[in-house]
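Novice: Protein chains in written order, with numbering that gives the first Met the number 0: chain X, 0 to 93; chain S, 0 to 478.
There could be a bad hint or two in this list.
[As the list claims (entries may be wrong)] Computed beta-carbon distance windows for the label pairs: (1) S:148 / X:43: 32 to 42 Å; (2) S:424 / X:83: 35 to 45 Å; (3) S:425 / X:24: 38 to 48 Å.
[Unchecked claim] So, partial list: chain S residues that the calculated Cβ filter (under 10 Å) puts toward chain X: (4) 169; (5) 171; (6) 193; (7) 287.
[Claimed, not checked] On the chain S side, residues computed to face chain X include the following (Cβ under 8 Å): (8) 139; (9) 141; (10) 145; (11) 208.
FYI, nobody ran anything at the bench for these hints, they're computed from the structure. Where a beta carbon is used, it is the ideal one built from N, C-alpha and C, also for glycine.
Residue strings, one per chain:
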Amino acid sequence: MSPSTILLDPTSELVTAERQLLPRLSSLAGKTVGLLDISKPRGKEFLDEVEQALLALGAKVKRYAKPTFTRIAPLELNQRISSECDAVIEGLAD
Amino acid sequence: MPAATPSYALIVKKDCPTCALIEPVIAQLAARFASALSVYVQDDHSFPASFPERIDDTSLAYSYAHNIEIVPTLLRLHADGTEQARIFGWDKKQWQQFTGVADLGQKLVAFKPGCGSKTLDPGMEAVLVLKFGPQLLKARAVALADAEDIMEACFERGWSDGLPVVPPTPLRVLRMLRATTRAADEIIGRVPPDNVPCSVEKVAINAVLAGCKPEYFPTVLASVTAALQDQFCLHGLLCTTYFSSPVLIVNGPVTRQIGMNGGVNALGQGNRANATIGRALQLLVRNVGGGIPGGIDRATLGNPGKYTYCFAEDESDSDWPSLAMDRGFERGDSVVSLFAGDGLQGVVDQQSRSPESLAKSLALSLRTVAHHKLFAMADAILIISPEHRRVFRQGGWTKANVRDALYSELMIAGTEIVRGAHGIAEGMPEKFRDKILNKFRDDGLHIVSAGGKAGLFSAVIGGWVASGERGSQLVSQKF
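The following block holds chain X by itself, in its conformation from the complex:
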């Protein structure tokens, strides 16, 4: 059983054992897309451009920001984004 624990798959094994991505949106029209700024310098300017591109595709945009890029997003922020948005784009790195 070491080093890692082995479990036996209880499913039909029709899908891979890796965790699955959520279903992708087929269209952005009318959907709300969250833009999460991780609070690194110049992230805001970059996401401004992304916002314009999304609006042009018919999406609604909501903006969010992490308090600091050094730490994971607070649970409350994650819950707010998942309840208010159909999709989220997280601005990573420089």
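Since chain X is already given, all that's left is putting chain S on it; use the hints.
Specialist: The following block gives chain S in isolation, referenced to the frame of chain X:
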């Protein structure tokens, strides 16, 4: 050519007083047989200190391979290492004869029985089969990361109904499989909605998830076999917007053997067998069949029984036929029956002292299944409690009398139940206005006994509104 000198293998454990007793014997055998003697130690490799060439068998590989049941065991081996003969425990004369060493253990007591081999410690057999036995498990192995929480991992992979599951380790699954004589790779059917072939092993994995003890496994297998009978119509039942889901009723000796509850709080919480057998079927449908709420499962409201809905019938009254007997089985048969049902509706009658009054009273409540004015759509199970059964018995009624009376009471004029009657749009189509209808189709009302000894309460489990040949019928599986 001279016969090859036999070799010997002695299997001991330090924890065994008989093995400790014969330590001087080991020295004598070593002097006589030299390298033709091997000593295997099951528990503590520091033993026997007087024989430094001892072999560590704490893995029990050698003991398992030679099916050792008692220590000490002395094997006489052919040149190829296969067994020629064995003795076990300590019997001085027998050992002297077996080894040809006339003064073997001369100072020891004549006889002392041995101890159980570590291979027979509780739970050890499955551990050893997993390590050294034939590879039975074919399901995909899912490796967790070192820091992953094992319980959370099961949730994250979607294996749970929302409550914690028992992580299906290979050892637990193997223990489950050892409770049946059926082969792990036997396909017991295709599970809807994905219609995937389902092996006995997959049923075992889901039984582990559900929290079943291995001794429940034959009942779980029978319930899955029943669920896959065509008349049960599991596929349609999974997809429906209606409340229904499988309800399991277990009859016969197995209910007592595995400690199922058909008495106080029979349909409630607290009995492991009731709770986990029903849950195993639900988890199998989810995991193997792919019947996920919001996916193919379109229930408007569902019902709490979709976690688990399983109980034993109270068969303490030998004059009262059980559900299984109504379905043609004997009282001595173990049978699981599946009904497409929804939540529980209580029936209070604390005043009836005559069978006639009580039958009318129960019939009134049965009329409300699905809707007061919808007839022959949904089957039902009437669960009669001990105190209500007593009213019938004291009035001289049999179960057949109860059934007949309910049938009569449930015949209703179409004028009462057609659409629009009593100012209610819902009801039977207009074409039934001049007919007399029974609330239930033929074979649509099942009567079961269960419950605690106190309480003049019975209960109704309403069936799926697609009951009968067009949908689901009660099915039974003997095992």
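Novice: Does residue 193 of chain S meet its interface restraint, that is, does its C-beta lie within less than 10 Å of any C-beta in chain X?
Specialist: Where the cut-off is 10 Å and the nearest Cβ of chain X is about 6 Å from residue 193 of chain S, the hint holds.
Novice: Mind checking the CB of residue 169 of chain S against every CB in chain X and telling me if the closest is under 10 Å?
Specialist: Holds: closest Cβ of chain X sits about 6 Å from residue 169 of chain S, inside 10 Å.
Novice: Return the status of the interface hint for residue 208 of chain S: holds when the least beta-carbon distance to chain X is below 8 Å, violated otherwise.
Specialist: Result: holds, 6 Å to nearest chain X Cβ.
Novice: Could you check if residue 171 of chain S really has its C-beta closer than 10 Å to a C-beta on chain X?
Specialist: 9 Å, holds
Novice: At the C-beta level, are residue 148 of chain S and residue 43 of chain X separated by a distance inside 32 to 42 Å?
Specialist: 37 Å, holds
Novice: Take the shortest C-beta to C-beta distance between residue 287 of chain S and chain X; is it under 10 Å?
Specialist: 5 Å, holds
Novice: Given the hint of 38 to 48 Å, check if residue 425 of chain S and residue 24 of chain X actually sit that far apart at their C-beta atoms.
Specialist: 40 Å, holds
Novice: For the restraint on residue 145 of chain S, tell me whether the closest CB of chain X is nearer than 8 Å.
Specialist: 6 Å, holds
Novice: Any CB of chain X closer than 8 Å to the CB of residue 141 of chain S?
Specialist: 5 Å, holds
Novice: Does residue 139 of chain S hold up as a contact with chain X if the rule is Cβ-Cβ below 8 Å?
Specialist: At about 4 Å, which falls below the 8 Å cut-off, the nearest Cβ of chain X leaves the hint on residue 139 of chain S intact, so it holds.
Novice: If I claimed the Cβ atoms of residue 424 of chain S and residue 83 of chain X lie 35 to 45 Å apart, would that claim hold in this structure?
Specialist: 41 Å, holds
Violated hints for the displayed structure: none, as all numbered hints are satisfied.
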